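Trainee: As given, the protein sequences belong to chains W and U, one line each in that order. As numbered in numbering that gives the first Met the number 0, residues 0 to 113 make up the first sequence, in order. As numbered in numbering that gives the first Met the number 0, residues 0 to 969 make up the second sequence, in order.
Careful, some of the hints might be misleading.
Here are the computed distance ranges between Cβ atoms for each label pair [claimed, not checked]:
no.	chain 1	residue 1	chain 2	residue 2	range
1	W	E52	U	W733	54 to 62 Å
2	W	M0	U	E627	35 to 43 Å
3	U	A720	W	R99	37 to 45 Å
4	U	W689	W	R99	35 to 43 Å
5	W	R99	U	Q906	20 to 28 Å
6	U	L916	W	M0	49 to 57 Å
7	W	P65	U	N558	53 to 61 Å
8	W	P65	U	T589	28 to 36 Å
Think about it this way: if two alpha-carbon atoms lie no more than 20 Å apart in a straight line, the pair counts; the simulated DMTMM-like pairs of lysine to aspartate or glutamate are [to be verified]:
no.	chain 1	residue 1	chain 2	residue 2
9	U	K457	U	D104
10	U	K683	W	E2
11	U	K494	U	D77
12	U	K155	U	D104
13	U	K683	W	D101
14	U	K457	U	E377
Examples of chain U residues lying across from chain W (beta carbon under 7 Å, computed) [as the list claims (entries may be wrong)]:
no.	residue
15	A8
16	S706
17	I750
18	E762
19	I945
Since the hints were made in silico from the structure, they are not lab data. Given the structure is predicted, the values throughout are model-derived calculations rather than measurements. Built from N, CA and C at the ideal position, the CB exists for glycine as well.
Chain by chain, the residues run as shown.
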Amino acid sequence: MIEFMFALAIGILFGIGVFQLLRRDLIKAAIGFAILFSAINLFFLAAGAFEGEAPPYLSNVLAGRPTSDPLVQALILTAIVVSFGSFSLVLGIVNIISQRYDTVDSNDVTQLKH
Amino acid sequence: MSLAIITAAPFCLALLLALPQTRAQLSKSAQTLLSAGLMAALFAWLVGSFPMVQAERVVIQQLDWVPALGISLSFYLDGLSLLFGLIITGIGALIFFFAGYYFDDAAEYNRFMVWLAGFAGAMLALVLSGNLLMLFIAWELTSVTSFLLIGFKGRKESAAREGAFKALFVTSGGALALIIGLVMLGAAAGQIASPEASGGFVADLDVILQLDTLHEHAWFPLFAILILLGCFTKSAQFPFHFWLPGAMSAPTPASAYLHSATMVKAGIYLVARLSPAMYKNALWTDSLLSIGLLTMLVGAVFAVKQSDLKGLLAYATVSKLGAIMALLGLPGQAGIKAALVGIIAHALYKSALFMVAGTIDHAAHTRQISRLGGLRAELPALFWVTVVSALSMAGLPFFMGFVAKETLLDAMLHYSAPSTGLVMLATLLSAALAALAAYMLIGDVFMGRRPQDLRIHKPPAPIYYGPALLAVCSLAMGFLLDSLVIPLLRLAVPKSFSLPLFAGFNEVFWMSAGVLAAGALLYRVRKPLIRRITFPLSGDSLFREFIAYIDWAGSALLNFQSGYVRYYLVWILGSVSLMLVVSGIFSTVTAGQTLLPQDLSVTATDLAKIFMLLLAIVAAVLTVVLREHVKAAIAYGVIGYAIGVIFLINHAPDVALVQLLVETMATVLVIIMLGQIRPAARLKVIHNLWDGRHSYNFGFLRDLGISIVIGLAVFVFSLIALQNRPERRSISEWHLENAALVDSEDAVGAIVADFRGTDTLLEIAVFTTAALGVLTLLARGRIGSKQFMPGKAPAGLNGEANENIQDATSLSTPFTRLVAHFVLPVAILIGIAQIFYGSSGPGDGFTAGVTIGLAVSLWYVVLGYDEARRQLPWFRPEHFVRLGLVIGIVNALFPLLLGQGFMGHVQFDKALGIYDLVSSFGLHITSALVFELAIAITVMGGLGIIIEAIAYPLSRVAADEGLSTVGSGE
């Protein structure tokens, strides 16, 4: 059940992110870009090999409590920081476009071909 | 070893010449002596290695390169390599010397010599290489360096650019065929050499040349044709010959070296090199013979038609290369002796003639044969050099060229096949035309009357030394056959042979004499005859049409590029979703899977997760439907927090902490950025999107459709992945059990900072790069922006202020200032605690960096850019980034000193004997701790760069722009 809900949420979030990217509003496109990352991180979390009752700490392991999967957490940790870097790059590009062309409507940005 | 040094020496020379110090300290003549002296020394060394080759037949030296792939730097010296090596270094020395006087400008000379020396190194590597892959790399290096040499004058002359492009296009196009052919050859050789281990790859020449069944292999036709394509393009064989005359736009020393003695002989070298393993298959020999003869004839005819001196020499070279190819294609390796003698003779006279052409160009500033004449009186030394070299080219008795022609005719005469008559006819005709070309060189350029408008300035005397020495060799070599040429050839020619200077008055002699006479006869009637020669089709025009087609296809493709970036994405994602739907992948993937949940029971924590997922979805929908950007940004923040809470519920406290901090940071960034965009621009897009008459038009439905298909695909794929994930069989278990090895309580921290530390190191480098990208974009990109120029603010701005973000000054109340001042030290303390106790609890280097970065960004929001910069003078993000990365890398390299691997685990506390002391505080001073510190500093610096760049006040932009226009005076 919970897997189904996770998959559903990942699919919906991803679809919304893609939709935002396809629209004209560049600020919303940037937000959509960030939503894509969130969906991917959710997927990483859900793809962990096992779920536990405690954080993956050594003391929990020694106490015999089932812990959550540390590997996916490390992956997400890395992914979050990198996605934040790319997100700020996107924001920088939107910022520049808004000042070069005085618009945040991607249909007004027509000179990129040249 | 020594062969490696020989090969490396010219490259070292190129590097040395490229140094600015060399250019400044050494005069042109010193550089000339140095370069020519080095080549002469290499020549002498190769001569000295003669007894060694004589004793061992083949000298092989190897250095490991990529031992795991079986690739080694392998050097191979036998008679054939030695012959080519002597030509490359010997002619090279003379040409390097010549170049010193050909160029008047020292800087130009230096630039030229860097590439020429690089080329010499590549060429030496090619002929000394004992490994097919290394040979190929050298092959490509000669293409690249020759491109640079041909296009040397490309800045001024379009012909040079065109010639260089043509040469590169043809030769590297052929090289593509060659590499495929060589790889297939290596694979075939591997199958033959070790049949039991199929799939092996053999690139070593010594193994390949020992195989005697290669020509029976099933792939032989394919790789033989591919290799021959590479050789034919390189050695300018018909129909690829046209690049060579185009390459004459190179400075003459390059033409003399590359296009007479060395590069064009690379194809011949490879054919001769592989012949022992290939010649038994008729496909190999027949292709060589037919293409070679055709090239020989076509080149000879074209040569006499040229008006440019170098063009004539180029086509004569094409013809001679064809003759050599044809000789290599004679059955049973019957022509190899004649081919090698031809190579020696041609290298001697053609390099000399090219240098003559260069000297004439230098002295008379023209190479047009019609504008030259009567140079004998002005340049007597050059005249005699030309006479000797041209007569050698024509094949007058007792010159080296005579020996070459005698052996050529002799070899062709012994070719017994139905087509012998045709072969002889072609050979005799092109020999007669070669004689005609030689007579034209002497007669049209040096004899007769000097045109009125031809002014000669005398070149410096040393310019003659090289060509004169070569002319002497052309003359003397014939008399030194027994002592010099024959011993060398004995090492390269498999059968026993005789090579007399004069074989008596046999039929070959009479043919040879007849050719000379025919040439003289043709010289009398050349002018009306040459005018008659026309060709409906030239390789050059075919090439141009080919390029035109490529251009046409390119511009046709360009029509798909609308310039609206958004539609590119529509095309890409639209095609993806179309493919997803059409390919039926959904039914393939879902076959045998249950998609709908069977077990509907949920626990309390599941319920909490589902609630948070729903919250995230609702917030995501809100980011779409909320019109105003600020509200959408806040809704986006809600998604981030909801996901953070999910992480927390899933027992991932580290991730939850980072997620919450980063999402806060991201939302703050969006809001800072919104303040930088003119409200009218934002309102306009809102208006366009929502208030238009066609807000639910085709485009909307199309985007919706694409998103639904892609969302559906992601849903299905992740559901299947999640339902089928491996349970309890991943490396996670190992990580959990071994976290104690690295003194870490937190398995996640252990993975990030230790087990997978290299990933993390790369990741902070990526993050830094992104931050620098933002800085570059915003610092440089803003210059030249149109907005916010004085007097350009559009009217009607005031009425739209309802959505304006409050600017910095209005946020700066005494209370917010107090908060900002209070938060920063707390954040720093929290950060330090997170670094030191990262191994035993939530938080680590990332969170520390983001926490401090967040506190600093609060200063920027509250106090504004200027005030924040003034009050936080120590906050220098670029220094932090540098420091963090340096610490990270040093920390990663340090274990290497201790004999551990890159990023190995070092326990500093144990090494220092303070383990018990610090562990009583719950601390572990290890390399992981240092690494966390590096991460924290780097992330903090990267964030700082991003914040500073994005918060940079717009009012400054106009001022910067003024400055930059003043600053850049171009």
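Trainee: State for each hint whether it applies.
Mentor: For each hint, the structure was consulted:
At roughly 20 Å, the beta carbons of W:E52 and U:W733 sit outside the given window of 54 to 62 Å. The given range of 35 to 43 Å is respected by W:M0 and U:E627, whose C-beta atoms sit roughly 37 Å from each other. Restraint check, U:A720 to W:R99: a C-beta distance of roughly 42 Å satisfies the suggested window 37 to 45 Å. For the pair U:W689 and W:R99, the beta carbons lie near 25 Å from each other, so the given range of 35 to 43 Å is not met.
Hint check: W:R99 to U:Q906, Cβ distance near 54 Å, so the stated range 20 to 28 Å is violated. Roughly 51 Å separates the CB atoms of U:L916 and W:M0, a value that falls within the hinted 49 to 57 Å. In this structure the supplied range 53 to 61 Å holds for W:P65 paired with U:N558, their Cβ-Cβ distance being about 60 Å. A beta carbon spacing of about 31 Å between W:P65 and U:T589 agrees with the range 28 to 36 Å that was offered as a hint.
Under the criterion of a C-alpha separation no larger than 20 Å, the hint pairing U:K457 with U:D104 is consistent with the structure, at around 17 Å. Restraint check for U:K683 and W:E2: the C-alpha separation of about 42 Å exceeds 20 Å, so the hint is violated. For the hint pairing U:K494 with U:D77, the CA-to-CA distance comes to about 15 Å; that is within 20 Å, so the pair holds. Proximity of U:K155 to U:D104 is assessed by CA-CA distance (about 15 Å); at most 20 Å being required, the pair is judged to hold.
Between U:K683 and W:D101 the alpha-carbon distance is near 10 Å, which keeps this suggested pair within the 20 Å criterion. With a C-alpha separation of about 8 Å, the suggested pair U:K457 and U:E377 falls inside the 20 Å cut-off, and the hint holds. With a least beta-carbon distance of about 46 Å to chain W, the hint placing U:A8 at the interface is violated under the 7 Å criterion. A cut of 7 Å between beta carbons decides the hint on U:S706: the least distance to chain W is about 4 Å, and the hint holds.
Because the smallest distance between the Cβ of U:I750 and any Cβ of chain W comes to about 4 Å, under 7 Å, the interface hint for this residue holds. Hint on U:E762 holds. Least Cβ distance to chain W is approximately 5 Å, under the 7 Å limit. For U:I945, the interface hint holds, the least distance from its beta-carbon to any beta-carbon of chain W being 5 Å, beneath 7 Å.
Hints 1, 4, 5, 10 and 15 from the earlier list are contradicted by this structure; the remaining hints agree with it.
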